[in-house]
Every structure is written in structure tokens, then in C-alpha cells.
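Asker: First to last, the sequence lines map onto chains A and B. Residue numbers for the first sequence follow our numbering, beginning at 551 and rising by one. Residue numbers for the second sequence follow our numbering, beginning at 22 and rising by one.
For the record, the hints were derived by calculation from the structure and aren't laboratory data. Beta carbons are placed, not taken as given, at the ideal position from N, Cα and C, and that holds for glycine. Take these hints with a grain of salt, some might be off.
[Claimed, not checked] Footprint (simulated), chain B over chain A, 3 or more residues, beta carbon under 8 angstroms:
1. 796 to 805
2. 853 to 862
3. 878 to 890
4. 1436 to 1446
5. 1495 to 1507
[What the hints assert, rightly or not] In silico DSS-like links for lysine-lysine, alpha-carbon gap of 27 angstroms or less:
6. A:LYS1422 to A:LYS819
7. A:LYS1258 to A:LYS1294
8. A:LYS767 to A:LYS749
9. A:LYS732 to A:LYS1240
10. A:LYS652 to B:LYS483
11. A:LYS1147 to B:LYS335
12. B:LYS270 to A:LYS1566
13. B:LYS270 to A:LYS1567
14. A:LYS1579 to A:LYS1560
15. B:LYS444 to B:LYS162
16. A:LYS1104 to A:LYS1124
17. B:LYS270 to A:LYS1560
18. A:LYS1579 to B:LYS270
19. B:LYS79 to A:LYS652
20. A:LYS725 to A:LYS705
21. B:LYS162 to B:LYS445
22. A:LYS1153 to A:LYS1013
23. B:LYS108 to B:LYS79
24. A:LYS1228 to A:LYS941
25. B:LYS394 to B:LYS324
26. A:LYS708 to A:LYS1450
27. A:LYS1182 to A:LYS1240
28. A:LYS652 to A:LYS664
29. A:LYS1147 to A:LYS1182
30. A:LYS767 to A:LYS1422
31. A:LYS627 to A:LYS600
32. A:LYS825 to A:LYS776
33. A:LYS610 to B:LYS483
34. A:LYS600 to B:LYS483
35. A:LYS1147 to A:LYS1450
36. A:LYS664 to B:LYS79
37. A:LYS1182 to A:LYS1235
38. A:LYS1234 to A:LYS965
39. B:LYS483 to A:LYS672
40. A:LYS685 to A:LYS627
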Amino acid sequence: MLKKSARIAFHLSGVCLLVSGVWSLPTKNSIAVRPKKVDYNRDVRPILAKCFTCHGHDSKAVMANLRLDQKDTATQKLASGGFAIVPFHPEKSEVVERINAKNALQMPPTYSNKVLSDEERKVLTDWIAQGAEYKSHWAFTAPVRPPVPTVSNAKWAKNPVDNFILQRLEEEGLKPAERADKRTLIRRVTLDLLGVPPKPADVEAFVKDKSPNAYEKVVDRLLGDKQYGERMAIDWLDTARYADSNGFQSDYERFQYRWRDWVIDAYNKNMPFDKFTVDQIAGDMIPNATLDQKIATGFNRNNRVNTEGGIIDEEWRIEMVIDRVETTSATWLGLTAGCCRCHDHKYDPLTQKDFYAMTSFFSNIPEQGFGVDAAVNQVPFIKAPYPDQAKRMESLISQLTDVRIHANACLQADKPKAAVWTESTAQPKPPIAVNPLVRYEFSPERINATSDRASQVEQPTMKGKYVAELGRSTGALVTGDQSYVDCGNLGDFDGTQAFSYALWINPKSPSGSPIARMDAGNGYRGWDLYMQGNRPAAHFINRYPENALKVVSKTDVPTGQWSHIAVSYDGSRKPEGIHMYINGRSVPFDVEVNSLKDTMRTKVPMQLGRRSMGDVYNGQIDDVVVFERAIKADEAVALADVSPAMPFLRIAPEKRTPDQKLQLAELWSYQNDPIYRKLEDERKKLAREKDSLDDRIPTVSVMQEMPKPRDCYVLIRGQYDKHGKQVFADTPAFLPPIPKGYAKNRLGFAKWLVDPSNPLTSRVAVNRLWERFFGTGIVATSEDFGTRAEFPSHPELLDWLATEFIRTGWNVKGMVKMLVTSSTYCQSSEVRPESVAKDPVNRLLSRGPRYRLPAEVIRDQALAVSGLLVEKIGGRSVRPYQPEGIWNETAAFGNLVNYKRDMGEGLYRKSMYTIWKRTASPPEMTLFDVPSREICRVNRSRTDTPLQALVLLNDVTYVEAARFFGQRMIKEGGSTPESRVRFAFETLLSRPPTHDELAILAAGVQRRLKHYAVDKKAVDELLAQGDSKPDPKVNRAELAAYTITASAILNLDEALNKE
Amino acid sequence: MQNVDPILQLQDSINRRTFLKRGSGLGLAALFSLMGSESFADTQFKRVGGLPSVPHFKPKVKRVIYLHQSGAPSQMDLFDPKPELDKFRGQELPDSIRMGQRLTGMTSGQKAFPVAPTIFKYQKHGESGLELSELLPHLAKVADEICLIRSMNTDAINHDPAITFLQTGSQLAGRPSMGAWLSYGLGTENRDLPAFVVLTSIGHGNTNDQPLYDRLWGSGFLPTEHQGVKFRNSGDPVLYISDPAGIDKATRRDMLTDIASMNKLRLHTMKDPEIATRISQYELAFRMQASVPELTDISKEPKEIIDLYGPNVKTPGSYAYNCLLARRLSERGVRFVQLYHRGWDQHGDLPNQIRRQCDDTDQPTAALLMDLKQRGLLDETLVIWGGEFGRTVYSQGELSMTTYGRDHHPRCFSIWLAGAGIKKGFAYGRTDDYSYNIVENPVNVHDLHATILHLLGIEHTKLTFRYQGRDFRLTDVSGELIPAIMA
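My request is simple: use the sequences and hints to build the entire structure.
Answerer: So this is what it looks like as C-alpha cells:
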């Protein structure tokens, strides 16, 4: 099972010979024909690289004092008196002797596991005979724009890309393929640019459009479509190791989607690639940086963050910094810097010192290696409103100011009348609580316990000193290490019994249980309110965690500030039965444990300020109410509706501060002046909206520069605490320096990346675009442009594109348009015998690209053709269908447990918005080769496995899509099986079926109609798949039959490929 | 469409379809008939995939079952007896032993480091006289089968990097796991099942134990097809293996036949060999749908086997069930079964936790060895048992005659191996009197990897993959064979 596709193909090759003459199947990277004249970069270096481990520039590893990577050292006299290389004289060159030796002198030595083939030995010998000319590595010198070659078939060439491709084809005696037919072409380019297939109307319009620029018009339309930005962003998310969780142990959720949406927007706006680069690396350091520029720097904050207890801060801070260097190098420079963490690079002229000098660019941000273990963004982060949110916020602030001015006028007018009350002392009155089990108020002298069932209520016992301070409602109880309240045998709820509690808290530190009846020594049996950091959590426990229910608010409660908390529970043992209110507002929560099955009754008393032992709550508590029923939302609102001025009545008038007096005056006016009351209600309404908008405004972790840079050192063997020499921020010595006018800081580094003198960035960028549209890069090793990179299939074309990219101002859409409008791209992908003989894996582009679609596009296509796709750009990640238990099987920590899928729209968004938990990624995505997003990956493998077939056949996503697609066939595809199959073909594959295809599928429909006509149970079961409901007007048995046929069509090889 | 043998139906339909004869001649027909014969061939134990150069020499081991004990079991409570240590109970761990070694943030704030000798008794077992703790009465019965290494050590002190190191040869994310390397190098013996299967369970020790991560069985930079296939404890044993409700086997077969016919037409037009691959992968998927349920159905196991593994074996997702499943996978030719059992991270209340943990694991582990042996499979299977690091001799938290806790300890721990190519009833390596430092024959993680690969016929320095210009391997740049433990 799971065998490599090339291998199967190999088994079949004998048979294919019969079809096509010759059909050899070499590996992905090989090019059919070896060039004749020896070229150092193309032919020699890849062979000589085998020697560089011991005879290269890793100074610590050099053996026999011989370096073969540069001419002067390779040709100088050896200690033995001989010469390794004598140009033009292979017979005098010891290298030649040693590579041909069969004894102890043999090089490379047997223990190295490296061998040279006969052909490789011949290349080395020929090269020395031709003068042993060294050239610097092609990718390390700036590209020089080559002339566009002339070709005999000039008419074929639509743009210079074609001249380069055709020149090489002509050299090899190959003819390009026919132009793909219009239907194939529009499907290919639409999938490539939008990630969904074209609509049939667009296909028909294109087919009918006979104008010479018909295709160009299609491309222009696609480049203007907002879905273009989404499709382009997918690949960038892999490079940027974008995800919705921290990775590592508890793998809490994080929120970087605002950065993801910035990327989509940047592509749609056609942001020039140099700006795209500088903003992401150092947008924060640009003078007067805009919000967008700051958001862009989220790129280098997408790295994993370790929050495991007991880790060493500096060790993991260094890991994050190193991850940034590796990611940035791989993404922009195509360099594999990671090797230099421990030693000089074996193959590339990158030293360990260079590497650590680069870490200095990324080290100066005010972060810790030990992240906050909660579902929050790590510092530094910023508030990053979307434009519509920013606009609404501005308007709310201005309305609030207006209201305040008017209200102040009222207060002034009311002042004389109010004074009578505000200058007297009175007993504060808390809001009415209906039928509580118990209520505690804290007067300066004692705790007042009241109840509607007074007989049940024991007088509470203060443990430690009773201190009651000025409170938020009546008076504040102070609890801490030595002081808590034993409430006696109250609140012994079973878990099947409804109950609620409400109280004011003002925590000094964000931990501990303000109210609990919980036996901490016995599996935490019982219930409590628990401050998990700044998030209030409610526990309902038999034994933790296997028999317990735990919810954690998604809203913060600040320390050093009063908040009203109310928790209502209906006795269902289900999270759905819990409601949590903060300051009267119902708040959303995460369900962290959901396994409560048995009683939570326990013998320990109910207490204020701690559990049976430990988990001390340090802070103030006011007005505690416990109910033996689930309180309603309006009760929670009422209990929290206490003017903050109320407690001031307890203070003697002469001791009140001016602010307290003012607040009392406001309270008086509110109760007595109807105009003020109206204004104040309006103000509250606006303030609530402002608060709720504020809650919805996303934050994003960004780069920020510390005023004083951190010291950076070479780390010996890469260990965080083994400092070698101090290093200072700089770019690698073998590349051009930072351009004049820029400091040696992150901004200077960003400018350096996109400076025209940088030989790598533009080559790496255009190569990746090439790979995107043709399947393999001009440099096949798109992740490595170092000396071990595969030599480019078309070196001149690569350099031409790289210089053209810079010349056009790094115009991404311009480059994309050139690639997809080239005749090269528009070729038919049909495999012809003559093409496969000389160009087996299509590196010469003697035919059009044909390969499997990425994971995201396969799913999005199914949703699109079925009509289920919700086309909405950006926003918080969504939770589509996922097999049960994926998150829980391997972890019980963090808030990303108990996966609960969305209802409605979240099920049908594009796949790029699916929530990504790094340690348990969406299985249907990883099965289709999406990388884990733990580290930077610039390209994906492309496999074909039976597990993929199982996803497409059986995953509810695809079954539901097939059902909807089947329903469309029935409703929109005419009345016969044939017309309906034709409709499906045109919708999904942009072409009508052939006679044979129609015959197979129509016959299938007939068989299935018969089957489902008699098996009503099967019909009901099949149509129940997925959340959406079938159209009641459609015959159910018929729908079941078409669901199967639609599924078959969605599973066709052609549907899964761009062709 | 009921009660029709789906395979027969496919063959029938192949014969019926006339389009083949109308194809462009002999080529396509021959192609198809070859594919047909390949689809139905008995492929059991015929290697598929892998590198032509691998194995590099004759292997001693065909398959591996790795029983990973996640969270890190305490070596001195199970395998590494230190009878002299009782004298030092409660005394401070001498600096000469601790040597300023790094501590985790969980005990670095601790004011004292009192020595906590195990409260469990050790006894010699079998002809070999291997000393094991009383917590392992069942393993004791097969003591003469195992080779105990008491001198394992690792580089990492926290769970995530340590378990990542053990499974991938690097503490950092991104490298292929051991099973992925084996799938890549050796391919599979049974095309109807994955080459690399992962099973997970959690015991009653620390029920809130460390999580596992996809990366532990990931393929890193190797092609994704080599990633481990995790069998699940509830629902479908393999994701998406079941047909949706409302689609019976005959309907599925009929639909797959249509897909195959259509894809063959497309192959005829486009002549892209990848289409042929897709056709065969869909057929393979269909066969997996039959082979996986058969594999996970233990109802036909005889009573003596059920009794051997103990009462929990009937609970899917339990360690015992997974041990039995490991045997069933292994006997069907699955190359690498990676089992993870959580619950060993016992920082506090260790004696009680480890008792519960051993109640879950001891009998099934021993049963697996006996079961493999009685089937003659132990001669070709390598079984490995162990965690990602050890635990400290000093107590974390409260120390009394009945309770103590232990923190993470990377400098020494114990694992055992059994089966093909391994010495039987043999102990290797020695730690100091405190089970703190290794004093004889240290074995690090790379050495273990090198030795496992060697037993599978792989020279560990030669199984490499070029990525980002570098030839990566499981053992990174280290790894020495441990000839002393090999038979």
C-alpha cells in the first residue's frame, strides 16, 4: 500500500511501450538529455560537492589540508609534493588518480558512503582536461538579463517565456504540443488563479468569443476576481508556517487570521513583491508605519511557541529566533541556513558566524521564550481592526462624546437638588435576588447571611481575620492565604440538579477559587468558580478530568478591577446547560472537559476564597448569591446592575472624594432626572456596543523592536547557553552588503532582500511562481538555491524572468499574467510518444502541465460545483466537519479539545479558513499533502494514496457535496439521465461528456434508480448525510441515485487534476 | 444489487465493457489486463515500494512493534534496582552525583532534593536471573526473552522535545519519524494495509498525562504517503474507512467500477501514467475497506488468547487491545507498529500511579511476547518497550514511606528489547548507586536508532534523503551500533 506513484507507473511501462513507443520513467528531477560541453556549475559542482564534506569550506572539517571548492587551493602544491588538480593535465592530477583508485587511496573513501559513477569520473576528468575552470555558483551572482532568443517558429511565441522554452525544444528536436482546447484551458487557468472551476456560463462565453484576445480577457477577469488573492495566499501560508495554534504541549489556540487576511488583500491589491517583502519583514520599522504595515510583520510571529511547564525561557526564545532566520532564508533566499546553527555550511559559503549575525536581526523583540499557556496571542501584539470596524469605532467614540456633553449639562442643573441626598449617609441596597438559597453581604462588622429558607442557613465562619472594605455593591470581603469563609454544609449539588451562583470579584492575582464546594484531595469532586489566568472557569466534577465538566470563559476578567460573575447551570451535565455572565453580559466559553457522568456530591463545606485546601483566591468578594435553580439572563443582568457609586453612601460625606461625590450626583440624577436618565441609557447602550465591538476586533502578534538590541553570540553547537564570540547584525559575507543608506537592522535587512544587487530573491520568487503554474520549478529544488541545488532546466529563462520581475517593479500579477498567457502554459497536456521520449517528466515543457490539485482546491471545487460554497473572504478560522475525537485522542490540554463543528456557513467556507491545530491537523488536509505548518515549507509533496480515495468517497463533506451536486443535476440538468450527466460534466469539467462516458454514467444512473426505488431505508440514511436538508420537492429515491453518480463524477481523475 | 460478490462483479464488468476492444488497439487492453491481474493478485508478503538498494544486507528483523511508554516510566521503580539506596532515604542528593545538572522548571525552585528509594521489591527471574520489580509479575515470566538496557540516555529534559527526539532523531519538528523512514526505505509487505500503523491508549496512572503530536508519526520532508496511519479508538478504526450510511458494498463496488471505467477512458485519451496509478489506488482503497474491519475484529480470537492478554483486551482503545492489535497487524506484514501508551508522567503520588499503570500494561505486554513466540513470529519481529527519558532519584514534592514523586531525568533510563536479532535474558549498561549517572556502556537515542535499523538490514548512514541540499538520515550525524545486545 501507499506506494509511490512513479513505481506503479514503472510496473506499467512495459505495456505502455505498446502504446507510445518509448516510455521511460525517471525521477522528478532528471532531464533527459545531458549537455555535451562540460560546465562547472551545471556538470562539475554537483559531483565535486560529494567531496566538499571533507574538502570544502567548513574550516573545522577540512582533511589533508585540501579544499576542492576553489581553484587556488585545489591547484596548489600538496604536502605530499603532488597536485590535486593540474589544469589541462588529468594525468598529472592526483584527483583523477584517486577517484579511479581501487585501493586504500580511493576517493571518496568507502566509509563515506559516497560513490562516483563512471560517468561522473569522466566528467571530472574531462573538466580538468578542458582547463578545470571554476565558476562561482550561478545563484550567488546577480542575474544578468540575457537576450531573448530567436526561434524558427516565431508565431508560436506569445511572449519571451515561449522563446526560451521553444529554443530549448528546438535544440532537442522537439515540437511543442498543440494548444489546449478552450474548455480545458479555461478550467486550467481558473483553477490555477481562483482555486475553483469556471462557471459554465463563463466557459460558454469564452468558447463563443472568437476575438484574438479572448483568452487574455479571461485572464484579466480572473486577476481582478477577489478569489485570486485567496488562491495565491494558500502557498504563502505554508512558507509562513501559518496556523491557529501554538504547537507543542498544550497547543492552545492563537489568533493570527488578521495577518492571513492581510496576505489575501496584498495579493488582490497586487502589492509589488518588494513592498510585500519589506512590510512583512520590517513593516513596523518603517517611519510612520501604518496599521497594515504592522500587521504584515505577523509573518515572523507565526512561529510555534512553547508553553510547556518547566522549560527554560532563553532556550526557547533562541529557538524562535532561529526559526525566523531559517524561515526567512528559505522563503526569500532559497538558502538552508539551519545547518549553520552548529557549524559552517558544508556546501554553501555560509559560516556559523554569518548565521548568528543574522539571528541578531530577529532577536530584538520584547518576547519571552516561555509563552503564555492560554488561548491568547503572545506579546507583542496589537489590536488590528478591519477597516469597517475602525470606522464604526470612530463613530461610536464621537457619539459618546456628544452624549457626555449633554449629560454633563443636566448634572450641573441638578446639582442643588441632588446635594440633599449626596451629602447624607445611607445604607447601600443591593439589587433584588429572587428566592436565593443563600446570600452573603459584607458589612463593616459582620457577614450577613440571608435566605428565603432561613432554617437551612448556617452562619458562616470566618477563618482568619475578617476584613471588610469598601465594596462594589454592599461591602468587600478580603480573602487570601490565611483568610477564607467556611459556609458550612451548603450547596451540595448532585450534578443532575440545577443551581446558579453570582458574585462580585476584584482579584489581586488571576488564580484561585472565589467560591467552591470542592474536595481537592479527592479527584476535585464538587464544583467551583476558578480563575484560570484572567479567564473565569466553572468546574462540575466527579473526578477530574475523566468524569468532569469544565468551561472556560473566552472573555477576560481584569485583575485589580471589580467584575460581576454569574454562572447558571441546569443540571444536564452538558456544557449546553451552562450560561456564564460577566457584568450581566452572556459570554462565550470553551469547553475544556466534557465527561461528567456521575454525582459531584462531596462532604467538604462550601467556602469563599478557596477549595477544600489550596487554590487560594487572593482578592475581594462582594454580594455572593447562590440559587437552587438556573437563573435567567435578565436575573443575571439585574444582579450586576449596581451603580458603582452605591457603596460610597457608606462613607461619611466629609470623607468622600470629589470623584465619589460626582458619582453619587450622577446616581441621583439617574434616579430623578428623566432627561439625564435617557442620555445615560443612551450612553450605556453606545458603551456596550463599543465594548462588544472592541471584543470582536482581532489582535495580531507582530514584530516590535526593543530600544536596546539584545546581545547576540555564536552559540557553540547551537546550544542556547554556550556562548561563543559576540556577533553583530549583518548579512552573509558572500552576498552583497546592505544597500547604502540603511542601518544594519531588520529594516536594512528587508531592503537588502529586495535590492536589485541581491542575486537570490527575485530568482527564488519567480521560480516559485513557475513551480506554481507548471508543477516543477525551473530550479526543481525550489527549497534550495545553494550549491547543491539542481541546475536550472532553463538558466537563461530564469535570469530573464528574475530581471524582468525587478524591471517591472516586482509586479506579481504582471508576472502571473505573462506565465499563464504564454503558449507554453496553454499547451495541451496530452502525453505524446515523441514528447515523452525526450522529455519524460516534462521539464522541457514539451506539453502542458497536468497534475493533481492541492488539498484545498479539491474540497473547494466540490463545494463550489454543488452550490454549497460560501464565498466570503477572511475572518476567524472555521470548524467544518471533522471525524469525532481527532483533537481529543492524543491530548487533554489546552482549549483546542472537544472539537465542535460549526453550524451553517462555517461548514462551507474555503478550506484555507479551516482551523489548523498544529499537533493534530485536519486529517483530510494532511492526507492530501498539506504540510504540518510546524516549520516553513516552500513546496509540497504530491502523493497518490488509497487513503485519499477513502476521504473523497466517504468523508461527509464530500457525501453532502455529492448530494447537493446530484440535486442540481436533477433540478438544473433537464429531465433525462443523459442531460443531467451532461450538466454535471459541464459544471465540473467544463466540457460535455463523450459518447462512451455518457453511456457509462447514464447506465449507472438507471441501475441506482432501481436500487434506491426499493430500498427506502438506504435512501433515508444517505440523504441524512450532512447538515443541509434536501429540497423537499425532489424525489428522494431519485436524489439518492444521483448522489451516487455525482460522487462518482467528483471522484474522476480528471476532476482531481488540473489538465 | 444485493448479495453480489463485489470482486466478481468487477471482473464481470471488465469482461462486459466493450470500450476496451474499441480502444486504440492492443496497448490499452494489455495495460488494463495487467492492471486487472495486479489488482487481484495475492500480494501478501510480497514487498511493494521501498528503495531498490534497501535492505543493504540480510536483515534479522522483518517487522517492529514499538511499545512507547509516553510520559517516561520510572527506571528505579521498575528495572534498575538500587538496594543500597534505602540507607540514604530522605538525605540530600550529594552534589557529587547531581553535578549541577540542569533541572526542569518544575523542581528547580525546590529547596531540597531528598533521595527517594523505591518502595517496591526486586527479585531475580528466569534462568538469566534478570532483576525486575514486583510491579512487573507478568513480564517476570518472560524475563529470559528480554534484553534490558539500563543505560539509555537522551538530550532533552522536557516531554515534547524528548519524545520528538526519540521518534524522529531530532528534538525539533520537521524530521521524518522512524516508521516513515522504514516505510520509505523498506516499503510494505501487505499492500492492503499501511506500512506504518500507530495505536494510542492512556492508562490509569496519570490520567491527565502528556499529549501526543501528529509529528511523532509524521513524514517530515519525506513524501506524505510515508506518514503513520493512526488507528483510532472509537468510530472508524482508520479514518474514512467505512462507507457512508445508505451506500452498501454492492453500490460502492458498482460506483467504483464506473469510476474505473471512466478513468480508463481518460487514460486512453491523455496517456498520463498517473491516471493508471489513481485507478489502482481506488482499487486498493476498496480492498482496505475489507481488510481493516477483518483486522480489527477480534471476536474470533480463541478464549486462551483473550485470557492471555487479560480482561481489558475486549475494550477497544485499551493498552491490552492495542497489544493484541499490534500482533494482528504484525502477522499481516505491517512493517512498523508504533504504539503509544500515556500515563507515566508521575510527578507526584508515584507509587499509586505506577501501580495502576502497571496493572494496565504488565500483563498485555508479556502476553504479546508470549503470543508472538507461540506463533513463531518473535523470531522475525523486534519488540521495544520504553519511554522518552527517566525519572529523578530525588523526590518531587512530598516524600514519605508510602509516597513520593519524581521529575524528568534525561541522564539515564531503562528500556528493553525482545525478539529477532536480540540477546535474550540479558542486561546491558550500568548506572551509579543513585540511578542518576551512567557508569558503564551508555546508549543514546541515535545508537538505539542505528541498532534498530541495522537489525532491519539497513546501514543507518546510508538510508538518506536529500532535502534542502543536505542528505538527512534518522541518526542525524551520530549513532553507533550496540553489538553487545545483538544475538
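Asker: Indicate, hint by hint, whether the structure satisfies it.
Answerer: A quick look at each hint next to the structure:
1. 796 to 805: Since 5 is at least three, the answer is holds.
2. 853 to 862: Since 7 is at least three, the answer is holds.
3. 878 to 890: It holds: at least three residues are needed, and the region 878 to 890 of chain A offers 4 whose Cβ sits within less than 8 angstroms of chain B.
4. 1436 to 1446: Contact hint for the region 1436 to 1446 of chain A vs chain B: holds, 5 residues under 8 angstroms.
5. 1495 to 1507: holds (count 11)
6. A:LYS1422 to A:LYS819: Satisfied, since the Cα-Cα distance of roughly 17 angstroms is no more than 27 angstroms.
7. A:LYS1258 to A:LYS1294: The hint holds at about 14 angstroms.
8. A:LYS767 to A:LYS749: 15 angstroms, holds
9. A:LYS732 to A:LYS1240: 53 angstroms, violated
10. A:LYS652 to B:LYS483: Given that 27 angstroms is the threshold and the Cα spacing comes to 21 angstroms, the pair holds.
11. A:LYS1147 to B:LYS335: Given that 27 angstroms is the threshold and the Cα spacing comes to 22 angstroms, the pair holds.
12. B:LYS270 to A:LYS1566: Distance of about 16 angstroms is within 27 angstroms: holds.
13. B:LYS270 to A:LYS1567: 15 angstroms, holds
14. A:LYS1579 to A:LYS1560: Between LYS1579 (chain A) and LYS1560 (chain A) the Cα gap is close to 23 angstroms, so the pair holds against 27 angstroms.
15. B:LYS444 to B:LYS162: Distance ~17 angstroms between LYS444 (chain B) and LYS162 (chain B) Cα, so the pair holds.
16. A:LYS1104 to A:LYS1124: Status holds; Cα separation ~18 angstroms.
17. B:LYS270 to A:LYS1560: Between LYS270 (chain B) and LYS1560 (chain A) the Cα gap is close to 16 angstroms, so the pair holds against 27 angstroms.
18. A:LYS1579 to B:LYS270: 25 angstroms, holds
19. B:LYS79 to A:LYS652: 25 angstroms, holds
20. A:LYS725 to A:LYS705: Roughly 13 angstroms between the alpha carbons, so the hint for LYS725 (chain A) and LYS705 (chain A) holds.
21. B:LYS162 to B:LYS445: With a Cα-Cα distance of about 13 angstroms, the restraint between LYS162 (chain B) and LYS445 (chain B) holds, given a limit of 27 angstroms.
22. A:LYS1153 to A:LYS1013: Cα-Cα ~18 angstroms, so holds.
23. B:LYS108 to B:LYS79: The given pair, whose Cα atoms are some 50 angstroms apart, is violated under the 27 angstroms limit.
24. A:LYS1228 to A:LYS941: 26 angstroms, holds
25. B:LYS394 to B:LYS324: 18 angstroms, holds
26. A:LYS708 to A:LYS1450: 52 angstroms, violated
27. A:LYS1182 to A:LYS1240: Holds: LYS1182 (chain A) and LYS1240 (chain A) sit about 25 angstroms apart, inside 27 angstroms.
28. A:LYS652 to A:LYS664: 14 angstroms, holds
29. A:LYS1147 to A:LYS1182: With a Cα-Cα distance of about 25 angstroms, the restraint between LYS1147 (chain A) and LYS1182 (chain A) holds, given a limit of 27 angstroms.
30. A:LYS767 to A:LYS1422: 25 angstroms, holds
31. A:LYS627 to A:LYS600: 22 angstroms, holds
32. A:LYS825 to A:LYS776: 20 angstroms, holds
33. A:LYS610 to B:LYS483: 23 angstroms, holds
34. A:LYS600 to B:LYS483: Roughly 14 angstroms between the alpha carbons, so the hint for LYS600 (chain A) and LYS483 (chain B) holds.
35. A:LYS1147 to A:LYS1450: 20 angstroms, holds
36. A:LYS664 to B:LYS79: 21 angstroms, holds
37. A:LYS1182 to A:LYS1235: 21 angstroms, holds
38. A:LYS1234 to A:LYS965: 22 angstroms, holds
39. B:LYS483 to A:LYS672: Given pair LYS483 (chain B), LYS672 (chain A) holds - Cα atoms ~25 angstroms apart, limit 27 angstroms.
40. A:LYS685 to A:LYS627: Given pair LYS685 (chain A), LYS627 (chain A) holds - Cα atoms ~21 angstroms apart, limit 27 angstroms.
Violated hints for the displayed structure, listed by number in ascending order: 9, 23 and 26.
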